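Colleague: Given two chains presented individually in distinct reference frames, assemble the corresponding complex, making use of the accompanying hints.
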Amino acid sequence: MNFNAQGVWAIYRFEMHRFMRTLWTGLAVPVITTSLYFIVFGAAIGSRMTEIGGVPYGSFIVPGLMMLSMFTESIFNASFGIHMPRFTGTIYELLSAPLSPLEIVLGYVGAAATKSITVALVILATANLFVDVTIAHPLPMILFLVLIAATFCLFGFIIGIWAKGFEQLQVIPLLIVTPLTFLGGAFYSIDMLPEPWRTATLFNPVVYLISGFRWTFFGTSDVGVWISLTATFGFFLLCLVIVGWIFRTGYRLKS
Amino acid sequence: MAPVISIRGLSKTYASGLQALKPLDLDIERGEIFALLGPNGAGKTTMISIVCGLVTPSAGTVTVDGHDILRDYRQVRRKIGLVPQELHTDQFESVFATTMFSRGLFGCPRDPSYVEKVLRDLSLWDKRGAKIRELSGGMKRRVMIAKALAHEPEVLFLDEPTAGVDVELRRDMWELVRRLRERGVTIILTTHYIEEAEEMADRVGVINRGELILAEEKNALMAKLGKKELTLQLAEPLAAIPPELSEWNLALNQDGHELQYIFDAKADRTGIPSLLARLRDHGIAFKDLNTRQSSLEDIFVSLVSDRRGE
Ligand SMILES: Nc1ncnc2c1ncn2[C@@H]1O[C@H](COP(=O)(O)OP(=O)(O)O)[C@@H](O)[C@H]1O
Ligand SMILES: [Mg+2]
Numbered sequence: 441m442n443f444n445a446q447g448v449w450a451i452y453r454f455e456m457h458r459f460m461r462t463l464w465t466g467l468a469v470p471v472i473t474t475s476l477y478f479i480v481f482g483a484a485i486g487s488r489m490t491e492i493g494g495v496p497y498g499s500f501i502v503p504g505l506m507m508l509s510m511f512t513e514s515i516f517n518a519s520f521g522i523h524m525p526r527f528t529g530t531i532y533e534l535l536s537a538p539l540s541p542l543e544i545v546l547g548y549v550g551a552a553a554t555k556s557i558t559v560a561l562v563i564l565a566t567a568n569l570f571v572d573v574t575i576a577h578p579l580p581m582i583l584f585l586v587l588i589a590a591t592f593c594l595f596g597f598i599i600g601i602w603a604k605g606f607e608q609l610q611v612i613p614l615l616i617v618t619p620l621t622f623l624g625g626a627f628y629s630i631d632m633l634p635e636p637w638r639t640a641t642l643f644n645p646v647v648y649l650i651s652g653f654r655w656t657f658f659g660t661s662d663v664g665v666w667i668s669l670t671a672t673f674g675f676f677l678l679c680l681v682i683v684g685w686i687f688r689t690g691y692r693l694k695s
Numbered sequence: 234m235a236p237v238i239s240i241r242g243l244s245k246t247y248a249s250g251l252q253a254l255k256p257l258d259l260d261i262e263r264g265e266i267f268a269l270l271g272p273n274g275a276g277k278t279t280m281i282s283i284v285c286g287l288v289t290p291s292a293g294t295v296t297v298d299g300h301d302i303l304r305d306y307r308q309v310r311r312k313i314g315l316v317p318q319e320l321h322t323d324q325f326e327s328v329f330a331t332t333m334f335s336r337g338l339f340g341c342p343r344d345p346s347y348v349e350k351v352l353r354d355l356s357l358w359d360k361r362g363a364k365i366r367e368l369s370g371g372m373k374r375r376v377m378i379a380k381a382l383a384h385e386p387e388v389l390f391l392d393e394p395t396a397g398v399d400v401e402l403r404r405d406m407w408e409l410v411r412r413l414r415e416r417g418v419t420i421i422l423t424t425h426y427i428e429e430a431e432e433m434a435d436r437v438g439v440i441n442r443g444e445l446i447l448a449e450e451k452n453a454l455m456a457k458l459g460k461k462e463l464t465l466q467l468a469e470p471l472a473a474i475p476p477e478l479s480e481w482n483l484a485l486n487q488d489g490h491e492l493q494y495i496f497d498a499k500a501d502r503t504g505i506p507s508l509l510a511r512l513r514d515h516g517i518a519f520k521d522l523n524t525r526q527s528s529l530e531d532i533f534v535s536l537v538s539d540r541r542g543e
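Protein chains in written order, with this note's numbering: chain A, 441 to 695; chain B, 234 to 543.
Think of the hints as simulated: they come from the structure by calculation, not from any bench.
Among these hints, one or two may not hold up.
[As the list claims (entries may be wrong)] Restricting the straight-line Cα-Cα distance to at most 25 Å, the calculated cross-link-like pairs of lysine to any residue (SDA-like) are:
hint, chain 1, residue 1, chain 2, residue 2
1, B, K255, A, L693
2, B, K312, A, F520
3, A, K694, B, M234
4, B, K373, A, M456
5, B, K312, B, M234
6, B, K312, A, V665
7, B, K312, A, A445
8, B, K373, A, L693
9, B, K364, A, L535
10, B, K364, A, W449
11, B, K373, A, G529
12, A, K604, A, V681
Keep in mind that this is a model prediction, so the values were computed, not measured.
Looking at chain B on its own, in the form it has when it is part of the complex (with noise of 0.2 Å):
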């Protein structure tokens, strides 16, 4: 199936010189959630906002289901909803009245009963006549999201959505997230917590310093870039790694109590019963053992600082 959204060598320099954007290409896949990770200031609001058209592009182009962003911004943006990271509100109007207005601005006929639809799975609805003004800013940020839904989007952009937020609006919008997929919505959310993407996104991009590194399928990337440690707790502490242990990726910790063996998780063969036949062979005991794999906050780590070395 053809990508919802295309983007073809998009960058962008703002008017002080700052280059935001290198030239970048992506594709996003229909229904998918694709989770834009990367470290504060490295784009991803500068990206969101040039989809959306608050920034305008300084090169390339951007195409939502085959229209161009810049020349049919009306089938464009009927399509899209947008919930910036900063808390925007009107904060005279009413939850109902600035919900009902989005949808208008976006060229929707009046449907109050889809409004109360769109409210009430934000658990809004009884705030529906409060002004906004009067409400706590985690219930400003579901009105955020009601207004971004109002006129039904195909395709909804989630700048940093959970910054900031408690635990169960966090939860509540995993789950609000979950549910409009399963509608068939296309999300493209930012985050910080990388835990987020691991839980929800399907796939990943990581972007730093405006420069797209990687977009990949979560599972793909965990496994090809993830690597499994494991850890013995040696019954008697070593002073050195034995030199017969040296085709084996080890490292000697806590003082010599633990031992630590980095293998790749993809890899056919991990190597870990003949080192487990060596160890015995030379008398090593141990009490335990435990095996961990790395998280995605461990490659995105590795990824990001791999690049600020350069």
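Looking at chain A on its own, in the form it has when it is part of the complex (with noise of 0.2 Å):
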């Protein structure tokens, strides 16, 4: 037998209960978030604002505000899943295992990715009482969370070896990609940009996983779906590639 399945599974029902344990706190974050943002966005600034390309403003923020909770709970759940061993030494035990990197990978992304589409999905039931959301591509919807769940638990789980300690683990989500999640687009389409920020924006990855997002409800986006669908996948390889370099030379797991 050449895939340790039992391995993997004994990972991912590990972190599954990790977040099982903080299943009410876990899961009341994402909807009160979610309620507020509908109050001050949607009541008093969206009646000002009224609609986005056809899109009533109050449906057009939903892709972006689940995007934003699939960054950070990507991020954070990945990164501690695989900080924590780290941290208190029971990574000796996940070292001596017979256990390949991509086993060891697909256990703990795979929980994390678990959680964090749980969340937009949760996300995008507490909208659905405030908004009407209809998605025009429900498939592509789906293929999109999974493939942007996955990347970023990726990008979290290479925070969570990098990081010295646990206040490197908040650096990354809170000074980058949480900005550059506002700045793009998140909660107004790029276009209604003045220029240069317009094409300055263009530089903003998120822009691309955004948009391309906000194409599976709407049918419309900022920029063409295939280029968001390659930046998103290129992205995915990226960290796929730096996973990779992580357990060929043990950086920062084996001395």
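Modeller: Written out as structure tokens, the structure reads:
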């Protein structure tokens, strides 16, 4: 047998069990935040913004909200998942187990992605209480959701291995990903920006992720959907290559 | 029979530039208890960590049951269980869940009855539902052993299993090691306590400053390097050793009240009868006598200090 399915399953269950311990806070947070966004953006600002590209503003921000949570949840869960064993020392067991790097990543990233996809779906359901959400292309929507979750969980996994302490775990999500998301058109269309900001924004990779994901809802997007998909996939591959390098060299895992 | 572990030319230099292991050859026989002795920083943990996949070797090869540890890591790691020196546990998991997790990690199908047996063997069954953080240090160490045994390994590494452990747990540990050996499990342990190696090991290796000084049968080692000493309590103190006794290796202790004769335990002729006869001839009387064989500890200390002096 050349695939340690039992091992992958053990890691997956372990991680899911960890999430279950904080299940209620884990789910209450996205529900409350989403509701707050709708109360603030939807009711206060949205009444003046009415429509963007034919989509009511309240509905327009739903994909962006989902993405924002997906990014932070994925990075946080995956980085914490692998950082914790490094911190407590229990990683010795993982390193001494008959597991290939792919299997270790499948277990950790699979579990973290499961959680962030769940959170995104909870946000979608909550949003549905406030505004009408119709999904124009459901299958591509699932594809984008899974691909983005996997990508950001891989990214989180890398951060969890790179970070030397818990504060470093927070640095990248807080200082890079969240600003890029806000500036990447999570809550507006980049067409609304004046030049040169519009062109500058095109250098923000998050724009492509959000734009593609929004297309699956409304059938319209800031940039071409194939460009979005290619960019997302490219980011996914980049993370995969880095993870491969980490295990090949033992970077921060083995001395 | 082919050795279960075969180490050839293994060395390790850490990124800091420190050479923790000098090129080292060692065979571990199937089913034996091998005790690796050495002072702190000698390289014991480094050697174990390389075999178990936690540290990358700088040079050399290790095979387990004929499988290379790097190329055939799956086959190798399935056979090996590791109890590391430090206590590393998942504080929020229950004893049962964490042991079952270890079993899964090593690719074994779920088997609650086997896990139950392991936990019972380690007197952990009553605590199976307890969270690990609720357990005492000794109990945590038992949990780590349970995790290492969860996948039914053929080779078990115990890195300082009894350091900082109470007497009861130490006895239990020795008992467990013997039971495992009866089942055919090969055990490699490192220890500070030489009495432990003396008590349990079939073979002993001594490592110092990254160099394996020797690896031998314990009994052969003790016979070969062991010295015996004869102590005579004199009736009257002597001011100096009389020149008539110069052919024996004697020392005068306790202000001349005690005569000590150190002789080679493996020699055919100890020289004792003739020494006693000579003493009688010169009218040196003694009240009492006793002999003592040097322990593994004496041997160890002399080996390690010899090397220090170089
Ligand atoms: N990860 C590491 N990086 C650098 N040096 C290390 C590392 N681990 C151990 N050492 C050094 O290697 C030497 C051997 O250590 P170790 O194998 O732990 O010895 P022992 O287990 O016999 O006490 C020590 O000098 C120790 O400081
Ligand atoms: Mg050590």
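Colleague: Work down the list of hints and note, for each, if the structure agrees.
Modeller: Each hint, compared with the structure:
As the CA atoms of B/K255 and A/L693 are separated by approximately 23 Å, the hinted pair is consistent with the 25 Å bound. Between B/K312 and A/F520 the alpha-carbon distance is near 30 Å, which puts this suggested pair outside the 25 Å criterion. Restraint check for A/K694 and B/M234: not satisfied, since their Cα atoms lie roughly 33 Å apart, outside the 25 Å limit. Distance restraint check for B/K373 and A/M456: the Cα-Cα separation of roughly 24 Å lies within the 25 Å cut-off, and the hinted pair is therefore satisfied.
A threshold of 25 Å between alpha carbons decides the hint, and for B/K312 with B/M234 the separation of about 18 Å falls inside it, so the pair holds. Of the supplied pair hints, the one linking B/K312 and A/V665 is violated, its CA atoms being roughly 50 Å apart against a limit of 25 Å. Between B/K312 and A/A445, the direct Cα distance comes to roughly 18 Å. Compliance with the 25 Å bound is thereby established for this hinted pair. Restraint check: the Cα-Cα separation between B/K373 and A/L693 comes to about 24 Å, which is no more than 25 Å; the hinted pair holds.
For the proposed pair B/K364 and A/L535, the alpha carbon gap of about 24 Å is at most 25 Å, so the pair holds. As the CA atoms of B/K364 and A/W449 are separated by approximately 22 Å, the hinted pair is consistent with the 25 Å bound. With a CA separation close to 14 Å, the supplied pair B/K373 and A/G529 stays within the 25 Å bound. Between A/K604 and A/V681, the direct Cα distance comes to roughly 21 Å. Compliance with the 25 Å bound is thereby established for this hinted pair.
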